[in-house]
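Based on the provided sequences and hints, a complete structural model is requested.
Number of protein chains: 4
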Amino acid sequence: MQKLKVAMIGGGGEGAFFGKVHLRAVCIDGTREVVAGALRSSAQGSMDAAAQWGIQGYPDYQSMIDAWKNGDLQLDYAVIATPNHAHFAPALACIKAGLPVLCEKPITLTVDEAEILAEAVQASQVPFVLAHTYTGHPMMMLAKEMIRRGDIGEIRKVEAWYNQGWLATDLEADGQQQAAWRTDPSKTGISNCGGDIGTHAFIAATWVTGLGLKRVSARLNAFVEGRSLDDDFNVIGELENGGTAIITATQIAIGYRNDSGFRIYGSKGSLEWQQEESEKLLVKRGEHDETYFIGANFTFFPDSIASYLRVPAGHNEDFFEALGNLHCTMERHIRIRRGETCPAPFEHPGAKEGLAGMQFVKAAVESSARDGAWVSL
Amino acid sequence: MQKLKVAMIGGGGEGAFFGKVHLRAVCIDGTREVVAGALRSSAQGSMDAAAQWGIQGYPDYQSMIDAWKNGDLQLDYAVIATPNHAHFAPALACIKAGLPVLCEKPITLTVDEAEILAEAVQASQVPFVLAHTYTGHPMMMLAKEMIRRGDIGEIRKVEAWYNQGWLATDLEADGQQQAAWRTDPSKTGISNCGGDIGTHAFIAATWVTGLGLKRVSARLNAFVEGRSLDDDFNVIGELENGGTAIITATQIAIGYRNDSGFRIYGSKGSLEWQQEESEKLLVKRGEHDETYFIGANFTFFPDSIASYLRVPAGHNEDFFEALGNLHCTMERHIRIRRGETCPAPFEHPGAKEGLAGMQFVKAAVESSARDGAWVSL
Amino acid sequence: MQKLKVAMIGGGGEGAFFGKVHLRAVCIDGTREVVAGALRSSAQGSMDAAAQWGIQGYPDYQSMIDAWKNGDLQLDYAVIATPNHAHFAPALACIKAGLPVLCEKPITLTVDEAEILAEAVQASQVPFVLAHTYTGHPMMMLAKEMIRRGDIGEIRKVEAWYNQGWLATDLEADGQQQAAWRTDPSKTGISNCGGDIGTHAFIAATWVTGLGLKRVSARLNAFVEGRSLDDDFNVIGELENGGTAIITATQIAIGYRNDSGFRIYGSKGSLEWQQEESEKLLVKRGEHDETYFIGANFTFFPDSIASYLRVPAGHNEDFFEALGNLHCTMERHIRIRRGETCPAPFEHPGAKEGLAGMQFVKAAVESSARDGAWVSL
Amino acid sequence: MQKLKVAMIGGGGEGAFFGKVHLRAVCIDGTREVVAGALRSSAQGSMDAAAQWGIQGYPDYQSMIDAWKNGDLQLDYAVIATPNHAHFAPALACIKAGLPVLCEKPITLTVDEAEILAEAVQASQVPFVLAHTYTGHPMMMLAKEMIRRGDIGEIRKVEAWYNQGWLATDLEADGQQQAAWRTDPSKTGISNCGGDIGTHAFIAATWVTGLGLKRVSARLNAFVEGRSLDDDFNVIGELENGGTAIITATQIAIGYRNDSGFRIYGSKGSLEWQQEESEKLLVKRGEHDETYFIGANFTFFPDSIASYLRVPAGHNEDFFEALGNLHCTMERHIRIRRGETCPAPFEHPGAKEGLAGMQFVKAAVESSARDGAWVSL
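Chains as they are written, first to last, in this note's numbering: chain A, 1 to 377; chain B, 1001 to 1377; chain C, 2001 to 2377; chain D, 3001 to 3377.
If you're looking for bench data, these hints aren't it; they were derived computationally from the structure. Virtual Cβ for every residue (Gly too), placed ideally from N, Cα, C. Check before you lean on any hint, since a few could be wrong.
[What the hints assert, rightly or not] Just so you have them, the derived chain A footprint on chain B, three or more residues with Cβ under 8 Å:
#: 1; stretch: 1155–1167
#: 2; stretch: 1247–1258
#: 3; stretch: 1263–1273
#: 4; stretch: 1353–1360
[What the hints assert, rightly or not] Capping the alpha-carbon separation at 25 Å, the derived lysine to any residue pairs in SDA-like fashion look like this:
#: 5; chain 1: C; residue 1: Lys-2268; chain 2: D; residue 2: Gly-3226
#: 6; chain 1: D; residue 1: Lys-3003; chain 2: A; residue 2: Glu-33
#: 7; chain 1: C; residue 1: Lys-2268; chain 2: D; residue 2: Asp-3174
[As the list claims (entries may be wrong)] Here are some chain A residues the structure puts well away from chain B; computed CB gaps all over 10 Å:
#: 8; residue: Pro-59
#: 9; residue: His-85
#: 10; residue: Asn-163
#: 11; residue: Ala-180
#: 12; residue: Leu-229
#: 13; residue: Arg-263
#: 14; residue: Lys-284
#: 15; residue: Ile-334
#: 16; residue: Cys-342
This is the structure we're talking about:
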């Protein structure tokens, strides 16, 4: 089996962090490799970074796509790890050129862009996977599967959250790069906390349950002085089946790292999951709690998930493996299109879910500006 | 030291449960005893129940109060454990007669009643303690004390919740007594879930932080068919300092027992506490988590709390002991009024907090009826 | 129903702690009360302490027993809460006089005394309950019941432990009373750590499984300089069915409070319980974990245990309630002897188990002195 | 920076599992790659497997080493992932040829072999890393570092354990491959449970504390009928400083996955760590617990460990990353030998620790055969 060849767009800067994360996730299965990159916004920076990574460099993404089109470069898909405002252009260029895309979240900077991109993906049928990393966690996939097959009945209520503390102080004033771009509207869009981590909670609430949101009422705060964008994000939403979703995210919860998770209450049982203990799924259906753990040998995993697991029980697969699973899903799409034998890809989020996330954030921002008035998605 | 003599009003019925709980909490320290009671609504039932309990019976609370006034019965305080709609009359009668009252929550059935009662308590200065049992947990008391002295800085956000699952199905249709009265507006008032358990979350959010709520936006649900009152209760509130409170309660979370707790985020740190693991307080102020445990020997407890603790570390004090602490607070009020030496009582909730809770529920019900419009308290 | 009348022997001193604990456990159900006491070793101290407790005082236990024999004092049972070396004489006196005894552990100071006492109990059939408090925890009772009925098959291995840290430094040099008598051979016998807490682990291993120990190999340490008795206690034992028991206890585990618990491995499943989270029992029988919680409403409790529970799920019953359950068991023995209707008492430890515990400690001390040679019980 | 080139010896069979695990660990950092392999014992199988992996195949390890010696193959180090009995020969061959080795544990089948190999490593100074994967967990490394610098004072006692349940039934009778070779003395040596997982507990007890074991008293069991080798392994050991170690391992603990961990008690504090929650280290030094979590941004990590971390707090690095860290250590040894700039390698276990582990198991087996008599290492 030949390794898939992957191009990186962005992710190569000095303070950049997610480029390397994708590199690891690409490599982890030994079936994919990063071979080329347009790793930075400047042509020179891009070439230098590629040299450092030991891959084929290009001055910009377009020339890399062209090289592929011309047959000068072999590629199977591209990873987009640029800052948020620079997702749209390369993603659209790849899709239009027919090159599959695994794109960092949020899908674009604006809803308008997201609509255009989602339409292009839909029209072209070129594989597009959105890097909502947590959806690659097998126990989150299991939760989705259990709900789909009716294990906990009709969904009544969902709580999904994401608590962080790293922006509890004015970090951007000290020039911390991650803080600086996230709190800058020109780079991050209309929402900081909501866009950055509220969307994870949104995906947990909607992708896991399979239910969209009809409308939202929101209260956004900017607790740290001097911020124009939210660092705290609270939404009550109405699910399409009439249920209620409580979606909260904050960056001012001192001491909380990436405390993200969900509790889902159905008419026959409840599910609870937390990202920082991603190896467990808590299931409540009667008088006692059931806890399920990750493990390739466990028979309770349906085939659709078991094929993603790498080790027997007792050794956790965590962050890199979860992201690796999204790359796996991309790999399966590609191999199946080629006629290779390979297990079916899981329904991980794509352009449609990315667009919904953008609409969600926009509606929440609007609702908050109108003091919590309901806004339809 | 002579034992305090306690009268019970209500709490003696067949399916009654909380009468016995108070009996245990009265007895647990060996310094108080239940001596008399008007335990049921019917005269005969009342006398029979008292005989069963081995205490002096009275046909109704008024005749018991009269006996005390006449010097025929020695009493130090009364416990009110009647159904919600029957708190007001006996509580007011006791206060007017000068008999201290430890009253079950909610303080009354309506805000109007609560106002009258709170005024009477304020005017008379007769001790009145509201049985918000969880406020008797030493780690919840410690959280209040830490916030008061500034340990976590200015409060920015509070999350307080109470998740139960026992009303996830139509239990009242089967005649289950606890379910029947709670879902019946004539006995339980304008809100089931909000009044019964949402108020616990409200107290956690306000009493622990020392901050009142200015206004609320609410979404109440009745998920189980046939219910006129809420079995799910969700509120976004604005704290008096401009902070945000997320207060949620539900009775349809299958498999959740009494999952009540809070997370409080300040400008210098965070606190987290859960009722079902009441012996722990999680404190986050820097790069690692600190967990504090209950224990009479621990020096980090201020005197105001240490005097309530009964055993050294490693043996938990739980539900009965927490309620016992509220009886302790009542005992201290009484002994100090008498000039006996005794540690100062902790500031546990009283009539004022009871009134605020009623106003909170009323405002939430109104907001929900108006599709989440903000309602001031 | 008339309250049972209880006499206290010992437990009334200044620094004493367990007397008050028993007082609470006697009172907690409202069906028993402490009425008399010989609370200290000196006659005057005894009378003074009784006055302080508000009960009938006696200068010594013998005169109190005599008063009961003569009909001058109504009593149903006695609680023995004297220091370890002073259990034997009053316990034997009570039993010989026909007065039921609830005795603190260890049952006596020496194996010889324990044999005499156990024989007297056996011969007289006077109820005798040993205060191994943790055996009163409903989830520990449930573990015993599950094993008895075969839920986890044949027992292969048991691990039982008790980790404390309070004697990690030379506390007795500072005159701390609890440390002083425990490390003094004249008051505590041949073993400090083993006798004080190792016996709890022994009871967990044997009472819960229903299996005795045939022989032991031990390594005892005195880590803190100047100690003649062990502050660390490690035993490998052979169960009567050939299985293995690992029984460890330590007082030098800094930061550990009362970390006591067990893991039991059978041919069909495993059970795990920890005293500091006494409300849970972890059951492992297949691919997922099952966690059971305390709660009067849970149907998985057999009647033999359900009758001991005081509150529905979600509110824990802990230390005082567990000890209260041993008093309950005593109460049931007494009421049944009298012909009153009352649920059957649970098989809590008595004189036989107390004797076995003494034999266990003696054998461990001997084995350790012989560098771990096997010693039969 | 050029990628290191890695050869795999063994690990390519059908039911093989650890070959793939090493492949992932090699790849995960993007700085190393597997380029060649002698993946199976048969020449043809070896070539086929290499083709499948997409790497250069060799019929046997010797021809691969020869190719490297001759300059026909570029290699930086070899990974040995053969069955236990086949570690020694290729490891020795590599070391003698001057090729660095990362070898699966146990280092060899016998103590004699281990001595020869350790001597060869010592003499040649060729880098040799033993794949005790858990020692790659950053929190386990932090525990070692804290003890080294005296954070918890003098070590008094260590408990280290490894509980599994997968061999609780007669799996080998059904032909399960992993069970079959582990319970077969010809392939696994003198001990199954002790050699396979008891050694992990041994390393935890000795490598983390920096203290060797002087002597052991052991009780080994074969609970499942028909087994000649132990499936349960219990050791009391004396540390070189006179402290006590309790080292236990079992494969019959139904429902336990890889429940491995340690508790270390020093004169100033305690440390506790569990492999299945590898992201946390529990530190006890006073009246409250401190919990430290993994995270590249945390300043409490000394440089010696921080350089191994891949992501900021809140995203766990687990099994593959831990093994990856051992490959990192190997990489650093190699790059430093070459004069490249690179952080210092951590003192991960090597041949010396591997030999000590073999001696430990041998002594335990002998002690158990002599009914627990002390055996010196």
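Quick rundown of the hints versus the structure:
no.	hint	verdict
1	1155–1167	holds (count 5)
2	1247–1258	holds (count 7)
3	1263–1273	holds (count 7)
4	1353–1360	violated (count 0)
5	C:Lys-2268 x D:Gly-3226	holds (18 Å)
6	D:Lys-3003 x A:Glu-33	holds (13 Å)
7	C:Lys-2268 x D:Asp-3174	holds (18 Å)
8	Pro-59	holds (41 Å)
9	His-85	holds (29 Å)
10	Asn-163	violated (8 Å)
11	Ala-180	holds (21 Å)
12	Leu-229	holds (16 Å)
13	Arg-263	violated (7 Å)
14	Lys-284	violated (2 Å)
15	Ile-334	holds (41 Å)
16	Cys-342	holds (38 Å)
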